[in-house]
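There are 2 protein chains.
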Amino acid sequence: MKKILLVLLLPCTLSAQVKLKVELRPDIKDSIMLASIFKYEMTKGHVYKDLEYLSKKIGHRISGSEMAQKAVDWTYKLMKDYGFDTVYLQECMVPKWVRGKKESCVMHSQKLKDQMDMPILALGGSISTPENGILAEVVEITAWEQLAQLGEKGIKGKIVFYNRPFDNTLVSTFSAYGKAVDQRYAGAGRASKYGAIGMLVRSMTTAIDENPHTGGMAYNDSFPKIPGAAISTKSAEFLSKQLKNDPKLQVTMKMWCKFEPDVKSYNVIGELRGTEFPGEIITVGGHLDSWDVGEGSHDDGAGCIQSVEVLRIFKELGIKPKRTIRAVMFMNEENGGRGGDKYYELAVKLKEKHIAAIESDRGAFTPRGFTYDTIDVRVDKFMSWKKYFTPYMMDRFESGGSGADIGDLKKIGCFTIGYYPDPQRYFDLHHTQIDTFDKINKRELEMGAAAMAMLTWLLSEYGL
Amino acid sequence: MKKILLVLLLPCTLSAQVKLKVELRPDIKDSIMLASIFKYEMTKGHVYKDLEYLSKKIGHRISGSEMAQKAVDWTYKLMKDYGFDTVYLQECMVPKWVRGKKESCVMHSQKLKDQMDMPILALGGSISTPENGILAEVVEITAWEQLAQLGEKGIKGKIVFYNRPFDNTLVSTFSAYGKAVDQRYAGAGRASKYGAIGMLVRSMTTAIDENPHTGGMAYNDSFPKIPGAAISTKSAEFLSKQLKNDPKLQVTMKMWCKFEPDVKSYNVIGELRGTEFPGEIITVGGHLDSWDVGEGSHDDGAGCIQSVEVLRIFKELGIKPKRTIRAVMFMNEENGGRGGDKYYELAVKLKEKHIAAIESDRGAFTPRGFTYDTIDVRVDKFMSWKKYFTPYMMDRFESGGSGADIGDLKKIGCFTIGYYPDPQRYFDLHHTQIDTFDKINKRELEMGAAAMAMLTWLLSEYGL
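Chains as they are written, first to last, in numbering that gives the first Met the number 0: chain A, 0 to 463; chain B, 0 to 463.
The hints are simulated quantities; they were obtained by calculation from the structure and are not laboratory data. For clarity, every value in this text was computed on a predicted model and none was experimentally measured. Check each hint, because a few of them may be wrong.
A few chain A residues facing chain B, derived, Cβ under 7 angstroms [claimed, not checked]:
1) Val170
2) Ile374
3) Arg424
In this text, a Cβ means the ideal position worked out from N, Cα and C, and glycines have one as well.
Construct the complete structure from the given sequences, taking the supplied hints into account.
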């Protein structure tokens, strides 16, 4: 009851709070601090307007692009303007894959009056088709073993069409993604082994709609490279149905994508130096690159801007962190991970002590909590903080993934954490033209920034 | 581990499950049943297509309207077609308030080059303005005590403009609504006491946008009735700013709304009869009427269709409930509550034994759990079920509201429960033109129906 009253009477700024001279139980003091962070963000947050800028004034920003460089310049300036103690760049070379002209896919079938356009997106890393495209029959695959069963006889000269859908019965769409994305990533390489000349993959989403979802893929060096593209779930279902009517139907794919030489790019880093343990580093980050469609608002503009916001909240509330906190905009998460690699490489080289890292790369939806991933760090202290997050409905503290850019830090004793927003809508938008700023809910985005700042404060205050 | 394996091996239909002859711990058996309900809904749910019909083919359906009658007829037929044991109507008289021509509001200020249109929506129950509208100065009120402070001198002949915003620092937007809605409900009556001739109220939402949000209001019989309307939050902020520049600015309001005589309408009820305790009733419901804008998809088409779906899931999985379960589409929640009143009146008259009731009337977003409200029912058994909902991320079981249509049932010993979806986005849409079917996320809607069916199964199996 006493606690509740104090929270209700809570002053919104740290300066007011410092005047509170009663001797409070430490957990009550911590609750008050966390509430002041939350309330500040929900009333004076910048995260919505800053993400609007990144989305609308810069837009999508695939590694190596002009927009990616603009995003580097702008986030650097943003953190400078916010007055962080240090703002700097970490240089890294990144792949430059370009889509070229808009790709196309057309279905030809005797059972259809007209040929039919199906929207596709070339997969990141794919080669192009020849200038005139490829025209071939299609073979549908819903389980890997079908490739060997069909063999060269059934596959050679054809386009392999992977159509294993998301498992909608899984509560976490990330689990469903994890179980389906092997098709996109490895499908071209595995089909090429049997002589396929092209690859189409059902988009990685729970939604049934017209939006193709791009994403990374890799080849198998033992076999020829073949062009690979994602088709929308609606097209996938239609194509599957048509194949039952007309197994001889053909598809023409035309794609213009290619790699250009690697390009110099950067991680962008802002830092507030710790007052007591400056050598102990807490990283909070997202990835600055996106795919080359939409505006990269949920994936992962939100994570970047939320990370900047964490430090800005500390600055504006006058909180001096005991440990050093760093906002990191990682470059090239989507198709190479070179920024994350560079960050880890330098952490090792400079013998930095990374005690914890939080990545936000699961969209900007209502916060549900955090997942952690660690090799040898004890989780007791982290789990003891769960209670502080219950009143905010963000108290799922669970074992799980952290983030692609911070995963390696585990190896040097870092406790890695993934910010966990509600997962239901993320794959509706992921890697598509519709991942745009209008899909961002202001409150949900702000609550995420607040959640990250609250956890960062506990980490900076108490370590692990 | 054993439990996890069993859940993984889980058959999706009850018939398959019955073959499982191993002796399982009761809680494991229950987990398996709940998982089969969840999986069925996420793969074979009808709730999305049924809500699409209600939204798109019928649309908004204010009490007494032709569309409300269509909704009665259609949900009656729907439940008949689904083969529920009994489908019937409960007659009740409902108020018929009609908006008439589109209302308007225009700002005139010497500080503006042109007069300025501001979108408004008449509040439900408001009287109209005279044919030529009312033209008056505006006085802004952000706290009730300002009315008395200004008194007749400051208010008489003016339009009172209530502009106390939602408290964005509250995690639950329903709490913020609860703290602000007195302005909309009682504002006209209280302003009229001091001689105001009209009332405008800032829309009840956390969003800052152009959409006015209508909603119910009541008059104070001791004072003259004056017209009341909601203006969008953007207009409210602009009007407030302009008033500081030009306290003499004037506004013209024109409204054409009025009451017509009460109309006969109905609650629509479908029932599956309990096999062991048919006299013990579990109600699961939403309200069928909506405001007369948008499509009433979140408020509360979703709640109705989810309730129908609960019974349909039982039917399709071959589950024979031990206790009687009823899907109830309540009429007239928005502006009178006559359907809820009638349901309670008949429950008392017929001496029905209502053990529990669940209402879904908070939108169709990701399930977070349930809130309960009771006078004298013990909550132990209900709380012991929380654990079953944890794997589904819907395990907030808390004291709180239930629903406007079922609240009275508490008085006859019923345990009343409110389905609790994520609250962040609800008031973006509530009572507006943009509460339309495209705002419904299929998975979130289905997960809600599943959550309600899972809890209904536990209630029907074990009672309370």
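Evaluation of the provided hints:
1. Interface restraint check: Val170 of chain A against chain B, minimum CB-CB distance 5 angstroms, threshold 7 angstroms, status holds.
2. Against a cut-off of 7 angstroms between C-beta atoms, the interface hint on Ile374 of chain A is violated, since the closest Cβ of chain B lies about 23 angstroms away.
3. Interface hint at Arg424 of chain A: satisfied, since its Cβ lies 6 angstroms from the closest Cβ of chain B, which is below the 7 angstroms cut-off.
The earlier numbered hint that this structure contradicts is number 2, and it is the only one.
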